[in-house]
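A.B. asks: The residues making up each chain are set out below.
6 protein chains.
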Amino acid sequence: MASTPQLSTPEDNPRVKAVFDDIRATRRTDFVNNMWRALAFDPSLLESTWSEVKRLMASETALDPLTKEMIYIAVSVANGCGYCVHSHTAAARAKGMNDAQHAELLSIISLAAKTNHLATGMQVTLDPVFDLSTKK
Amino acid sequence: MASTPQLSTPEDNPRVKAVFDDIRATRRTDFVNNMWRALAFDPSLLESTWSEVKRLMASETALDPLTKEMIYIAVSVANGCGYCVHSHTAAARAKGMNDAQHAELLSIISLAAKTNHLATGMQVTLDPVFDLSTKK
Amino acid sequence: MASTPQLSTPEDNPRVKAVFDDIRATRRTDFVNNMWRALAFDPSLLESTWSEVKRLMASETALDPLTKEMIYIAVSVANGCGYCVHSHTAAARAKGMNDAQHAELLSIISLAAKTNHLATGMQVTLDPVFDLSTKK
Amino acid sequence: MASTPQLSTPEDNPRVKAVFDDIRATRRTDFVNNMWRALAFDPSLLESTWSEVKRLMASETALDPLTKEMIYIAVSVANGCGYCVHSHTAAARAKGMNDAQHAELLSIISLAAKTNHLATGMQVTLDPVFDLSTKK
Amino acid sequence: MASTPQLSTPEDNPRVKAVFDDIRATRRTDFVNNMWRALAFDPSLLESTWSEVKRLMASETALDPLTKEMIYIAVSVANGCGYCVHSHTAAARAKGMNDAQHAELLSIISLAAKTNHLATGMQVTLDPVFDLSTKK
Amino acid sequence: MASTPQLSTPEDNPRVKAVFDDIRATRRTDFVNNMWRALAFDPSLLESTWSEVKRLMASETALDPLTKEMIYIAVSVANGCGYCVHSHTAAARAKGMNDAQHAELLSIISLAAKTNHLATGMQVTLDPVFDLSTKK
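Chains as they are written, first to last, in our numbering: chain A, 19 to 154; chain B, 19 to 154; chain C, 19 to 154; chain D, 19 to 154; chain E, 19 to 154; chain F, 19 to 154.
Hints may be right or wrong, so weigh each one.
Because identical chains cannot be distinguished in the list, a pair is counted as satisfied if it fits within a single copy or across any two copies.
As the list claims (entries may be wrong) - EDC-like, lysine to aspartate or glutamate: derived pairs with alpha carbons at most 20 Å apart:
1) K113 to D82
2) K113 to D149
3) K113 to D145
4) K35 to E65
To be clear, the hints were calculated from the coordinates, so they are not data collected in a lab.
Note that the structure is predicted; figures quoted are calculated from it, not measured.
Taking the hints into account, I'd like the entire structure generated from these sequences.
C.D. replies: Here it is, written out as structure tokens:
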């Protein structure tokens with residue numbers, strides 16, 4: 019089930035085809051996952067979303083590829099996006115995440131959630147030393 | 019303001035003093051931040067929380083210290099914990115996070131939030147290939 | 019699967035039947051969706067929930083029907099309620115939401131999520147000019 | 019700071035005065051907290067909100083008053099509502115919650131958050147035995 | 019589907035077998051639910067998680083067992099963890115939660131969510147009287 | 019307080035100055051709010067964020083300006099971003115949102131939150147008729 023219309027032949031639209039072709043070329047696979055197929059109902063939204071994901075996640079940047087995937091997973095878990103957890107965990111595994119790293123990632127995510135709820139539950143007062151706004 | 023009682027001299031309790039001393043020794047600083055001072059109203063909760071944070075965040079583990087802090091920040095942002103964002107951003111800066119890494123961390127967190135909401139808004143169907151449950 | 023008992027013949031209870039009849043009459047359809055069937059295990063909760071939804075969403079109010087559905091969808095996406103996203107997207111489509119409006123709705127939701135996470139991640143200080151509390 | 023207009027003399031409006039009087043009588047105090055003062059900009063929203071809170075939280079129901087406050091706090095923490103955590107923690111303390119109960123409440127909230135994130139992070143498959151939909 | 023590897027014979031690992039045996043003995047049942055089977059891919063994470071759940075949820079503490087389950091459900095609903103809602107609702111039912119208590123629990127959770135969103139939407143200013151930090 | 023460095027003279031950087039000038043020209047005001055000042059520590063992130071906000075929120079699109087702001091507020095409330103609630107409520111007021119519309123917006127947001135939590139708490143089964151994936 020899904021809450022957007024799914025096109026049976028999305029690549030009939032040349033703008034959709036161009037994005038799908040770039041996804042295949044960038045990732046070196048014939049597989050285009052459902053996230054992009056769902057976005058195909060609006061070529062502009064598909065183009066801007068892929069462009070942003072490609073620039074940050076599929077290019078060389080300050081952080082290494084696996085670290086980036088683990089941060090992505092952490093946000094996706096906290097936001098409760100099941101699809102995203104599945105797809106980015108698969109991506110992290112493809113980029114070399116082993117069982118020990120996966121378990122540690124889950125440990126940090128769940129510990130952070132625990133202390134997030136403790137700090138919010140106690141409404142802890144901010145320590146002035148944490149203010150970074152006047153450092154420059 | 020806070021929603022738990024704050025003890026004026028928490029270290030009168032020897033269990034609290036032992037934890038605070040360990041925090042100071044582990045972090046090599048005299049500073050004990052308000053999170054731990056708030057937890058001091060219940061020594062058991064203070065002990066178990068510090069023990070877990072120390073074991074995962076202040077020890078050598080599979081992931082490097084800065085990566086762990088960035089994952090912690092990601093969860094804290096998504097869970098909307100202002101105190102946690104402040105304290106762990108300060109910790110990440112202390113562990114060497116520079117402006118470029120900080121900006122990229124924020125870029126990934128906000129891009130993940132964007133695609134999390136897109137995937138949830140479209141209720142994208144899971145691709146069977148993302149199933150990791152049968153790999154072993 | 020569900021986590022509340024489902025009654026096989028909920029309308030045996032006259033209070034449940036009265037609500038279901040009102041749902042059918044108000045929406046001009048024989049269809050009563052699973053949300054109301056699940057609530058039928060407690061007639062009081064069913065009555066108060068339907069009464070509130072009917073008064074706000076199925077009556078003439080300050081905002082037009084489609085705008086109200088789009089706001090409802092936005093909250094449901096951010097709260098991660100898959101059932102609600104599905105049911106209110108179907109309702110918005112029934113009220114005339116076309117592909118372009120749907121895509122723009124998703125674009126705003128995901129952009130808001132992005133800047134929400136940026137503002138929380140940077141812990142931006144409030145501008146005094148945003149204070150509306152002294153305007154009256 | 020606040021994002022709704024604050025009326026300087028809200029009780030000039032007889033509908034607002036009636037609700038404030040009922041709050042004072044029900045709670046046996048002259049104090050009307052800012053939540054209700056903020057809602058006063060729309061008498062209908064004020065009336066319906068207070069009516070619902072009074073019926074569930076200030077009346078005899080199936081659950082005892084302190085249990086109800088603790089459940090309310092749990093939701094407020096998970097939803098990240100600082101105002102609500104403060105006000106309902108004060109209410110729970112007024113209804114007899116002691117330090118040990120408060121610490122245990124925070125322990126359960128934070129443990130639940132931890133396992134919520136673990137279950138979401140692992141995308142655990144539902145056990146069929148948890149299905150309650152066919153029990154009646 | 020799941021996003022962690024599932025072991026076909028997890029109890030071949032003696033550490034996993036020890037935890038599963040303790041779960042069965044503590045709960046007096048042969049049934050070990052999927053949450054623990056998923057955690058089995060990392061025996062350390064399995065041990066620490068079960069140890070914490072057992073200490074708080076399966077032992078005599080300040081709060082009674084049913085109250086603890088209801089608080090756990092409240093957090094799980096607000097965090098949008100479907101698995102957790104299912105498993106802890108089943109646990110609460112097993113500990114005696116009847117239809118009236120279940121309906122009231124859902125009523126409080128949803129009312130709290132409503133006023134959480136109202137307070138956040140109005141950005142209500144904190145009443146100084148709610149400050150508990152100076153009470154001791 | 020803030021968790022990113024604040025530049026005292028951000029417009030010394032010509033890329034920052036260009037964005038600030040465009041914000042002032044687009045909004046016809048000399049005021050540049052703190053969100054953009056905070057983003058100034060990374061000119062690329064500032065440029066891409068403003069570009070996206072301008073394209074969607076400050077241009078003529080399918081939805082009218084006030085509806086877009088109300089959807090933005092709804093997401094910001096549900097995500098618990100206090101800064102965003104303040105800034106977009108001020109923007110909506112500037113675009114003509116009156117008290118009645120504001121109250122109705124808050125009513126819909128809080129009702130959606132209520133039924134979101136009810137649907138999640140009951141784990142309501144999806145009605146097949148809500149599947150939009152096969153409509154095209």
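A.B. asks: Each hint should be assessed against the structure and marked as holding or not.
C.D. replies: Checked hints:
Taking the shortest Cα distances, K113 and D82 sit within 20 Å of each other both inside one copy (10 Å) and across copies (17 Å). Taking identical chains as interchangeable, the C-alpha atoms of K113 and D149 lie at most 20 Å apart only when they sit on different chains, with a minimum of 16 Å there against 36 Å within one chain. In this assembly of identical chains, K113 and D145 lie within 20 Å of each other by CA distance solely across copies; the values are 19 Å between and 39 Å within a copy. For the homomeric pair K35 and E65, the shortest alpha-carbon distance inside one copy (11 Å) is at most 20 Å, but the shortest distance between copies (29 Å) is not.
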